[in-house]
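What follows is the residue order along each chain.
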Amino acid sequence: MNEHDHDHDHQAPASPYHRSDRPAEQDKALAERVARIESLLIAKGLVDKGALDRLIEIYEQDIGPMNGAKVVARAWLDPAYKQRLLNNATAAIAELGFGGLQGEHMVVVENTPQIHNVIVCTLCSCYPWPVLGLPPTWYKDAAYRSRVVIDPRSVLTELGTTLDDNVEVRVWDSSAEIRYLVLPERPAGTAHLNEDQLTELIDRDCMIGVTKVRVS
Amino acid sequence: MHSTCALPRKSGELVFHNEWERRAFAIVVSLAAQGQLKWSDFQQQLIECISDAERDDPRNPSRGYYESWLASLEELLRKKQLVEQLAHVAREA
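These protein sequence lines map, in sequence, to chains E and D. Just so you know, we're using the working numbering here: the first sequence kicks off at 1 and counts up by one. Just so you know, we're using the working numbering here: the second sequence kicks off at 1001 and counts up by one.
So that you can see chain D by itself, here it is in the shape it has in the complex (with noise of 0.2 Å):
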């Protein structure tokens, strides 16, 4: 686990907050960069899990920005099937 003082920073601020983020960022660039997935398909998916985390009180989301992130990704990998195993995973709530 990296110290935050190890965590990397752009304008004083840290990009990721853990080693997750940073690979879940990186895999849906690349998906979208290759081609495999739209940014658009991705963009629409992350805004339906934004505001589902969002619904009850927008202030303190059911999900973090990441979560709803790697949801979204998750969501899309199943939707196009680009990944069979993960049909038969119960969704992450």
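Isolated chain E (complex conformation) (with noise of 0.2 Å):
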């Protein structure tokens, strides 16, 4: 895992995924494909550079994981919210502004003291864009999308989170239409916690389900 990661406690192998040790020239090569295909889209009049720009900005700096925290914190203190979203995930989760590409068929799954669910796109890397972002190097990993299938609990544990053998646990894969969000388990010691306080506590991980909410 590379060493920019603050909200790990783990220390996964270095992913291969993560190419920043990739030699310059590779770099150079690859760089010259894309400025190519751009070019060629953009005279064609397919791709707009001032669009392409704005879609960078909004995947790097409007969208993330801040957006599905809003939507944990609100299912956990309003129940009506919450079995909404737990019917019609996708409509939910606009009522609270958030849609769009990838996340057109959302379904919540809900952790509970005996379910415990965790997300994978075994084929390729298909997650919620819209309330998650794009998803972090090891999600794409082999590793991660052969083993969390295989041996979910050894993953978990690896990753800081050991469960009761009396939990049950459910992995979701991705790789069709749906796309799932897990809805943590609000973690004891938090009932004078407002709206925002809570969703400072929920991270990316919590939702993709290989941690639980810690209160710090």
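By construction, these hints were calculated from the structure, which means they are not laboratory data. Positions of the beta carbon are idealized from the N, C-alpha and C atoms, including for glycine. Do not rely on the hints blindly, as some may be mistaken.
Unchecked claim - Here are the simulated DSSO-like cross-link-like pairs (lysine-lysine), alpha carbons at most 30 Å apart as the crow flies:
1) E/K49 <-> D/K1079
2) D/K1038 <-> D/K1079
3) E/K28 <-> D/K1038
4) E/K70 <-> E/K82
5) E/K212 <-> D/K1038
As the list claims (entries may be wrong) - Part of the chain D face toward chain E, derived, beta carbon under 8 Å:
6) N1018
7) A1033
8) K1038
9) Q1043
10) I1047
11) E1054
12) P1058
13) R1059
14) P1061
15) Y1065
16) E1067
17) L1076
18) Q1081
Grab the two chains, each in its own frame, and use the hints to assemble them into the complex.
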């Protein structure tokens, strides 16, 4: 795992998808391939440079797990909202203003003391962009994608989450149309917190399902 | 070339490692959002590219994730004949 990951306690092996160590010539060749495609598509009127710039900005700055955190906090505080979220996640998420590409068919799965849910895309990297932004590199690694369906408890333990034997683990594969979001359990000791304070407790990993929400 | 500290992060992790990754991502999203390509077609191509990259040793794929993304975009543009010029370019390994 790269050294810039501040919210992980675990030490995963260096990811082959984290290619900041790629040789400069290789990066240059890749950049040239992309630039060529971009200019061909612009010349054909199929993409607009400004629109591309704006898209990049949106996915780097505007869209991210803080969106999902708001959904979770609202569900914790409002039982009627939580029910709507479980019945029709896409619509309930849209109530908070989130939606769009890769969030057209949302399903929210609720963690309970008896059930722990975790999400994967075994074949590629499908991920609920509108509520979580873009996936982390480890989510895209073959190691996670294959192991979490075969031995989820071990993967969770390695990521710092140890579950009791009587807890059922459910792994949801996002390879088709549906995109999943985990509704994590609200931890004890948070009854006094308001919605904004609760939102700050909820990070990306607990909505993927590899961690639980911790009260710091 | 951006220094790594200048690249944005979410949840403490870099979203993109390079400018070309950023552009390749935006191109696919833009084409899909405008309906010039179907997301499911791109996804299928990406699945094939990743599977191909991981065939020999999944822990050491022959291509990084965004390289597979780029290869998938090129292949789809060829197949859909969206960009004739690409049909004459030799496929990248």
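Hint check results:
Restraint check for E/K49 and D/K1079: satisfied, since their Cα atoms lie roughly 23 Å apart, inside the 30 Å limit. The straight-line distance between the Cα atoms of D/K1038 and D/K1079 is roughly 13 Å, inside the 30 Å bound, and the hint therefore holds. Between E/K28 and D/K1038 the alpha-carbon distance is near 29 Å, which keeps this suggested pair within the 30 Å criterion. Using a Cα cut-off of 30 Å, the hinted pair E/K70 and E/K82 holds, with the two alpha carbons roughly 12 Å apart.
Using a Cα cut-off of 30 Å, the hinted pair E/K212 and D/K1038 is violated, with the two alpha carbons roughly 35 Å apart. Hint on D/N1018 holds. Least Cβ distance to chain E is approximately 6 Å, under the 8 Å limit. Taken as an interface hint, D/A1033 checks out: its beta carbon lies about 6 Å from the nearest beta carbon of chain E, inside 8 Å. A cut of 8 Å between beta carbons decides the hint on D/K1038: the least distance to chain E is about 12 Å, and the hint is violated.
Because the smallest distance between the Cβ of D/Q1043 and any Cβ of chain E comes to about 6 Å, under 8 Å, the interface hint for this residue holds. Because the closest C-beta pair between D/I1047 and chain E is about 5 Å apart, less than 8 Å, the hint holds. Interface hint at D/E1054: satisfied, since its Cβ lies 5 Å from the closest Cβ of chain E, which is below the 8 Å cut-off. The criterion of a C-beta within 8 Å of any C-beta in chain E is met by D/P1058, whose closest approach is roughly 3 Å, and the hint holds.
Here the hint on D/R1059 is kept, as its CB sits about 6 Å from the closest CB of chain E, short of 8 Å. With a least beta-carbon distance of about 6 Å to chain E, the hint placing D/P1061 at the interface is held under the 8 Å criterion. Annotation: interface hint on D/Y1065 holds; nearest CB of chain E at approximately 4 Å, less than 8 Å. Interface restraint check: D/E1067 against chain E, minimum CB-CB distance 7 Å, threshold 8 Å, status holds.
Checking D/L1076 against chain E: minimum C-beta separation of about 11 Å lies over 8 Å; hint violated. Against a cut-off of 8 Å between C-beta atoms, the interface hint on D/Q1081 is violated, since the closest Cβ of chain E lies about 11 Å away.
Checked against the numbered hints given earlier, this structure breaks hints 5, 8, 17, 18; the rest are met.
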